[in-house]
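Asker: These protein sequence lines map, in sequence, to chains G and F. Using our numbering, read the first sequence as starting at 1 and increasing by one per residue. Using our numbering, read the second sequence as starting at 1001 and increasing by one per residue.
Incorrect hints may have been included.
In silico BS3-like cross-links for lysine-lysine, where the CA-CA straight-line distance does not exceed 30 angstroms [claimed, not checked]:
#1 G:Lys259 - G:Lys11
#2 F:Lys1020 - G:Lys256
#3 G:Lys162 - F:Lys1020
Source of the hints: derived by calculation from the structure; they are not laboratory data. As the structure is a computational prediction, the values presented were derived from the model and not from experiment.
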Amino acid sequence: MARIIVVTSGKGGVGKTTTSAAFAMGLAERGLKTVVIDFDVGLRNLDLIMGCERRVVYDFVNVISGDANVGQALIKDKRNPNLYVLPASQTRDKEALSVEGVGRVLEQLAEEFEFIVCDSPAGIEKGATLAMYYADDAIVVTNPEVSSVRDSDRMIGILSSKSRRAEQRLEGIREYLLVTRYSPERVERGEMLALEDVQEILSLELIGVIPESSAVLNSSNAGVPVILDRESSAGIAYGDMVSRYLGDDLPHRFLKVEKKGLLGRLFGG
Amino acid sequence: MGLLDYFKQRRGSDSAAIAKERLQILVAHDRRGDGPSYLPQLQRDLIKVIRKYVAVDNDAVSVSVEQDGAREVLELNVVLPD
Chain G
1 MARIIVVTSG KGGVGKTTTS AAFAMGLAER GLKTVVIDFD VGLRNLDLIM
51 GCERRVVYDF VNVISGDANV GQALIKDKRN PNLYVLPASQ TRDKEALSVE
101 GVGRVLEQLA EEFEFIVCDS PAGIEKGATL AMYYADDAIV VTNPEVSSVR
151 DSDRMIGILS SKSRRAEQRL EGIREYLLVT RYSPERVERG EMLALEDVQE
201 ILSLELIGVI PESSAVLNSS NAGVPVILDR ESSAGIAYGD MVSRYLGDDL
251 PHRFLKVEKK GLLGRLFGG
Chain F
1001 MGLLDYFKQR RGSDSAAIAK ERLQILVAHD RRGDGPSYLP QLQRDLIKVI
1051 RKYVAVDNDA VSVSVEQDGA REVLELNVVL PD
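For reference, chain G alone in the conformation it holds in the complex (with noise of 0.2 angstroms):
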């Protein structure tokens, strides 16, 4: 039985993407067969980020109309060889998906991966909406910010009463939260909110803090998975959300600031 999870958040730029491409490697690295599908449908970049997408032949909206099966449509990631991206078309527009439609391509994937990630678009259109309906679990991306705290409390409760789970009385969604550009400078500096802020608000089980970083643009320039980059604050910290996820129980890290160093204060290091 694979297991079905959405990435989402309701306002974009979040990082659901950069989540979605590090969380279906971190799944691949530890040897689980894992598909990641893209659902923006007209704004595809699931591929950019993956660095697959020279290599974009069919999509997913032509395997729901049935114009390539999905075996054709898969595109097997370079770097491990559990992990395969299913893009989504970049001409259509999201009301080429369906129920029925997703729900069959679904099925398919199920037979043959562990591990099903959709990546969510912005917004609670029909993207949105689909690519959490058949989820079994769900990682809302959330700012430390007003607005994307406020669409996230908004996705929660879309997510508990429009999913295939809430409509049939199934055992609801595990929901997780995942803060991303954590900035403990700035939270210390009384000018962000604080991840307890933000936990009491949306009182949601925490799965990972990602801290602010210059290796999640760097990596998304070079269509790389920033989970792949071991060197990194952020890619460590996706490290252990994967590992959490499977059922580790890990510490949060990066969460207060650093204390420099007496030469590092001289020399601003």
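Start from chain G and add chain F according to the hints.
Answerer: Structure of chain F alone, referenced to chain G:
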């Protein structure tokens, strides 16, 4: 820049506390949902009536419906100007 300014700057603006307070109110409001569809019109009518007697701002009148067990409570809150 004086020494005092230096420390002020170090401590920052504490806008995070404002953010938290605004969010808590907003999220509580969002979670309650929109309530019955007549609420916005009721609110506009009430403002009109109250303005016959007192000059109040648009945001001085708030109307909401809260579920209290089996009872629905219509809450009307009018802030009079000083």
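Asker: Okay, which hints does this one fail, numbers in order?
Answerer: 1
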